[in-house]
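> Sequences listed follow chains A and D, in order.
For the first sequence, numbering that gives the first Met the number 0 gives the first residue as 0, with consecutive numbering after it.
For the second sequence, numbering that gives the first Met the number 0 gives the first residue as 0, with consecutive numbering after it.
Just so you know, the hints here were simulated from the structure itself, not pulled from any lab data.
Possibly wrong hints are sitting among the right ones.
[Said to hold, decoys possible] Here are the simulated lysine-lysine pairs, DSBU-like style, with alpha carbons at most 35 Å apart:
id, chain 1, residue 1, chain 2, residue 2
1, D, Lys113, A, Lys295
2, D, Lys170, A, Lys163
3, D, Lys113, A, Lys249
4, A, Lys46, D, Lys170
[As the list claims (entries may be wrong)] Here chain A is said to cover these stretches of chain D; the calculated rule only asks that three of the stretch's residues, wherever they fall, bring their Cβ under 8 Å from a Cβ of chain A:
id, stretch
5, 31-40
6, 108-119
[Stated by the list, open to error] Which bits of chain A does chain D cover? Going by a derived footprint, with three or more residues having C-beta under 8 Å, they are:
id, stretch
7, 136-146
8, 260-266
For glycine and all other residues, C-beta sits at the position ideal for the given N, C-alpha and C.
The lines below spell out each chain.
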Amino acid sequence: MKLRWSDVTPKASYLNRRAFLAAGAVFAAAPAFALTGKMSGYSTDEKPNTLKEITNYNNFYEFGFGKEDPASYSGNFKTDPWSVEIAGLVDKPGSYGVEDIAPDSALEERIYRLRCVEAWSMVIPWLGVPLAGVLSKAGVQPSAKFVEFQTVLRPSEMPGQAQKLLDFPYIEGLRLDEAMNPLTLLATGLYSEKLPNQNGAPIRLVVPWKYGFKSAKSIVKITLTDRQPVSTWQKLQPAEYGFYANVNPKVDHPRWSQASERRIGAGLFAGRQETLMFNGYGDQVAGLYSGMDLAKNY
Amino acid sequence: MIRKLNGYLRRIPVWAVWLFGLVPLALLIWDTLMGGLGVDPIADLEHRLGRTALYFLIAGLAVTPLLRLGRLNLMRFRRALGLLAFSYAVLHVLVWVVLDMGLSWGQMLGDLVKRPYLTVGMLAALALVPLAVTSNNWSIRKLGGAEWRRLHQLVYIAVPAAAMHFLWVGKVAKPEPILWLGVAVALLLVRL
Numbered sequence: 000m001k002l003r004w005s006d007v008t009p010k011a012s013y014l015n016r017r018a019f020l021a022a023g024a025v026f027a028a029a030p031a032f033a034l035t036g037k038m039s040g041y042s043t044d045e046k047p048n049t050l051k052e053i054t055n056y057n058n059f060y061e062f063g064f065g066k067e068d069p070a071s072y073s074g075n076f077k078t079d080p081w082s083v084e085i086a087g088l089v090d091k092p093g094s095y096g097v098e099d100i101a102p103d104s105a106l107e108e109r110i111y112r113l114r115c116v117e118a119w120s121m122v123i124p125w126l127g128v129p130l131a132g133v134l135s136k137a138g139v140q141p142s143a144k145f146v147e148f149q150t151v152l153r154p155s156e157m158p159g160q161a162q163k164l165l166d167f168p169y170i171e172g173l174r175l176d177e178a179m180n181p182l183t184l185l186a187t188g189l190y191s192e193k194l195p196n197q198n199g200a201p202i203r204l205v206v207p208w209k210y211g212f213k214s215a216k217s218i219v220k221i222t223l224t225d226r227q228p229v230s231t232w233q234k235l236q237p238a239e240y241g242f243y244a245n246v247n248p249k250v251d252h253p254r255w256s257q258a259s260e261r262r263i264g265a266g267l268f269a270g271r272q273e274t275l276m277f278n279g280y281g282d283q284v285a286g287l288y289s290g291m292d293l294a295k296n297y
Numbered sequence: 000m001i002r003k004l005n006g007y008l009r010r011i012p013v014w015a016v017w018l019f020g021l022v023p024l025a026l027l028i029w030d031t032l033m034g035g036l037g038v039d040p041i042a043d044l045e046h047r048l049g050r051t052a053l054y055f056l057i058a059g060l061a062v063t064p065l066l067r068l069g070r071l072n073l074m075r076f077r078r079a080l081g082l083l084a085f086s087y088a089v090l091h092v093l094v095w096v097v098l099d100m101g102l103s104w105g106q107m108l109g110d111l112v113k114r115p116y117l118t119v120g121m122l123a124a125l126a127l128v129p130l131a132v133t134s135n136n137w138s139i140r141k142l143g144g145a146e147w148r149r150l151h152q153l154v155y156i157a158v159p160a161a162a163m164h165f166l167w168v169g170k171v172a173k174p175e176p177i178l179w180l181g182v183a184v185a186l187l188l189v190r191l
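Next comes chain A alone, as it looks inside the complex (with noise of 0.2 Å):
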């Protein structure tokens, strides 16, 4: 039997709901198998990286430190039924599904470039909404300027948990105006798929101008702060890490030079391509950040 929402959900975050989705207005039956998504105008017309690239090559701690870890041992990893708690200074909180935040009739498809710290960068076709909607419909109180992001901890599903090669849960964070950012998305799919487990199902979220760690996977908590959030690897490493973690390709992370990339996918003989400062979303995103240092707000 399959569980419905209503099933694992308790009674007063279902009636939330209820109420999140008429505020929404989405009452569209999802299509059958795969998913598809409205072509939408933030894509690029780089070419995306295959199926196999975006699903065998990830950097997902939970799982492990190989690339290929993820891929390898998040297959005991149970995505349904699931709910994201959305907390704090909103005006509706509540336990959602998932099918509620991002309805499958409501999924656009957005080909964003993604660069990680590591300088690598992959081009990939994510399905999702924008996370901008979906905090509106959630009502942002005006005392709200951050929002965290907490991913689920689940040890026994997730061997990098048990292992603690972090600090777990994984916590992430931006600034309300960087998530209400129409380019910020929630994806639950990619290439008319449902998101596979290494990618972060069965919901994540998607900031392609920031390096590849500020994306949280498998988000089963949004909460609403007048703090500014302390991420994860912020914690871990805070000279290394900060909070904002712009791609910028004049601000060296210790470890790595951020001047260039190497593109998976690319060849053997490809060499390495200039990084773009917000990774290419300049035009979109550089206004946030207008009178800031960012050498200093790294």
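For chain A, the structure is supplied; the task is to place chain D on it using the hints.
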């Protein structure tokens, strides 16, 4: 028992060690040609070559303690082990220079100065050069045994530097590089 083992070891020709030592390279070439390297083949090449270099360095460093503490005589194979380590180290550096960094000399020089794990790694590689160049009987005669031995003590710097490079290159401290750094330090400490 050790005497029996040493007897068997005496019958192994040095070229067999070379042949064994080139197996990882053969596997690497095979995987490269067959597409068996994973999504980022450059990183795979780089990492596997680096690891193999470290394994042979550790093996070379273990020869003397094994002889002193365990009476196991591998002295005949030490030169081959050292030269194999050097060969893998050279290939490791070449993959970094040509495939990974795409011959961006400016960025490479900057990185070598600014990033301790690269500085230490390059130091380890450079320290191996005079050792490899003098790994022949002519050099031993020319330098004299004492002088040659003193020069080859550079390996006491190169091996922990290489192990440190392996540990430092990771974003977080991983068990494997910690293990090898521990082994390298232990092999040096038993010499005191």
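> Now tell me, hint by hint, if it's right for this structure.
Here is how each hint holds up against the structure:
1. D:Lys113 to A:Lys295: Holds, at about 18 Å.
2. D:Lys170 to A:Lys163: Satisfied, since the Cα-Cα distance of roughly 15 Å is no more than 35 Å.
3. D:Lys113 to A:Lys249: OK: Lys113 of chain D and Lys249 of chain A at ~14 Å, within 35 Å.
4. A:Lys46 to D:Lys170: Distance ~29 Å between Lys46 of chain A and Lys170 of chain D Cα, so the pair holds.
5. 31-40: n = 5 at 8 Å, threshold three: holds.
6. 108-119: holds (count 5)
7. 136-146: violated (count 0)
8. 260-266: Held - the stretch 260-266 of chain A has 3 residues with a Cβ nearer than 8 Å to chain D, which meets the minimum of three.
Of the numbered hints listed earlier, the single one contradicted by the structure is hint 7.
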